[in-house]
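Enquirer: When you get a sec, could you build the whole thing from the sequences and use the hints?
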Amino acid sequence: MTFVIYYLLFTIYYCIDSAALHTALSSWVQPTPFLADIYQLWNSAWPAGLTMLGLGIGFAIVLLIASIKLKVEVDPKIEQIHEALPNLDCGACGFPGCGQYAKAVMENPELIGKCAPGGPQASAKIADILNLQVSDSGPQKRPIVHCRAHKSDKIFYAGYEGIESCTAANALANVQGCAFGCLGFGDCTRACKFDALHIVDGLSTVDYEKCTGCTACSKACPRNLIEMVPFSHENMMTVACSSKESGKSTRAICKVGCIGCGLCAKQSEQFVIANNLARVDYVKYQLTEKEETAMNKCPTKVIIYRGKSAPEPQQPKQKTTTSA
Amino acid sequence: MDTVTALLLAFISIVIINNLVFTKFLGICPYLGVSGRIDMAFGMGMAVTFVVTLSGTMTWMIDNWILMKLGLEVTRYVCFILVIAGAVQLVEMYVRKFFPSLYDSFGIFLPLITTNCAILGLCLFINLWEVDSLIKAVVLSFGAGIGFTMAICIMAGIRENLNLADVPDCLKGAPITLITAGLLSLAFMGFAGMIK
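Residue numbers (the numbering used here), protein chains in the order written: chain A, 361 to 684; chain B, 1498 to 1693.
Everything labelled a hint here was simulated from the structure, so no lab data went into it.
Treat the hints with care, as some may be off.
What the hints assert, rightly or not - No more than 16 angstroms apart at the CA atoms, straight line, and that leaves these computed lysine to aspartate or glutamate pairs for EDC-like: (1) A/Lys-431 x B/Glu-1589; (2) A/Lys-570 x A/Glu-594; (3) B/Lys-1594 x A/Asp-435; (4) A/Lys-463 x B/Asp-1601.
Expert: See below:
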């Protein structure tokens, strides 16, 4: 304890280095070699410290001026919107990432509701931040694959051993019999960021529990098989085929293709036949018994349910191939 | 005339013969980290050039006019780091204001210029080579930045083509990049000894 006091006293004493203090203090303590060392150290250290301090202050002033001159104003609302978004950077909104979308929404509130993964909740939050009211945008869209042919249903002319990609395979003629159906090389699977699409036995199958409706798969499919459909019900009826071939040719290449017979259109107005292909009109979509009958009457059983709890599709009756 | 020739030689020497990346192996972190695309590599090179020119000049002035006068050579490292950090802060603010997209794509690598050893290395080299005039220090610092830009752009160009090459699985990614870097510096060894 005494030593500490002694030490402090002498540090102060040598720092001030005043002659008056020196004479006053030297009358009762004598400097020792150890203290002389400290004195020397201090003497050589203070210019260094002072120089550094001076330099530091100089740079601080320069940076201060620069930070005022080069200030970037970031609207706090943009950050709030960014936080309200799911931050997946999926690109469903048409912007490269959530940050850019937040900025765009801030400038143009009409863009609210473009965020598919965030859905109505995110839109409501953004509207809250921007003090706006969002109208109900209707049911959320989910993808439907317009093909139901598994490997055993398809007919192949020759084996394909090229690049494992639908886009590459699609560039070749006759990779499989059907020029409209799912190729099953999984371009959609790779496009999906949410692990919601899988190739099951040669057919792209949507996992509706995981799907966020970001539309990445429908953009990735080179054959445009994946349509974004407003899911007003949990399960949606659909014509799971895209073949525009005549009925006869469709039958020749696929067991479960739409032959454009028109039986469904006779039952219900919601089915529309065009180019040898039936389509469900989702604007009018309303399930009644008529549609159920149409589904049961479909000869190739191509009208099926797709959705979270879709029932197993019916299998077409095995037709004995007499023509072959 | 002699000074001009000397400066020209110093410039060529620092850009090609004593290139900090290829012969001194300094600044390897951004050299490998930001050399994925040519435009980004060029942006990085420009940022480094700016920082190194500014800090090389400033450190020469501080070293010769303040530290040596006061006999404080021992604080060189601390002072140099201070200058470099200040210059990087300036560049960061500037890039953020005028090139927001470049700022986004640089990410962490922009503030990391502070710890880019090529810059501190050059500041210390200028001192080691006993550069006696301010103009020579400026030329050397600027040349070092240009040399770095050249190195990183060459690397980015190679790596862009490397993406299309059939690289064995075990060498994909960092290993092939390091091999490329080694071969590149081997090529530049051919210039060694041309000027002092």
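Enquirer: Determine for every hint whether it applies to the structure shown.
Expert: Evaluated hints:
1. A/Lys-431 x B/Glu-1589: holds, 11 angstroms
2. A/Lys-570 x A/Glu-594: holds, 14 angstroms
3. B/Lys-1594 x A/Asp-435: holds, 14 angstroms
4. A/Lys-463 x B/Asp-1601: holds, 14 angstroms
In the structure shown, no violation is registered for any of the earlier numbered hints.
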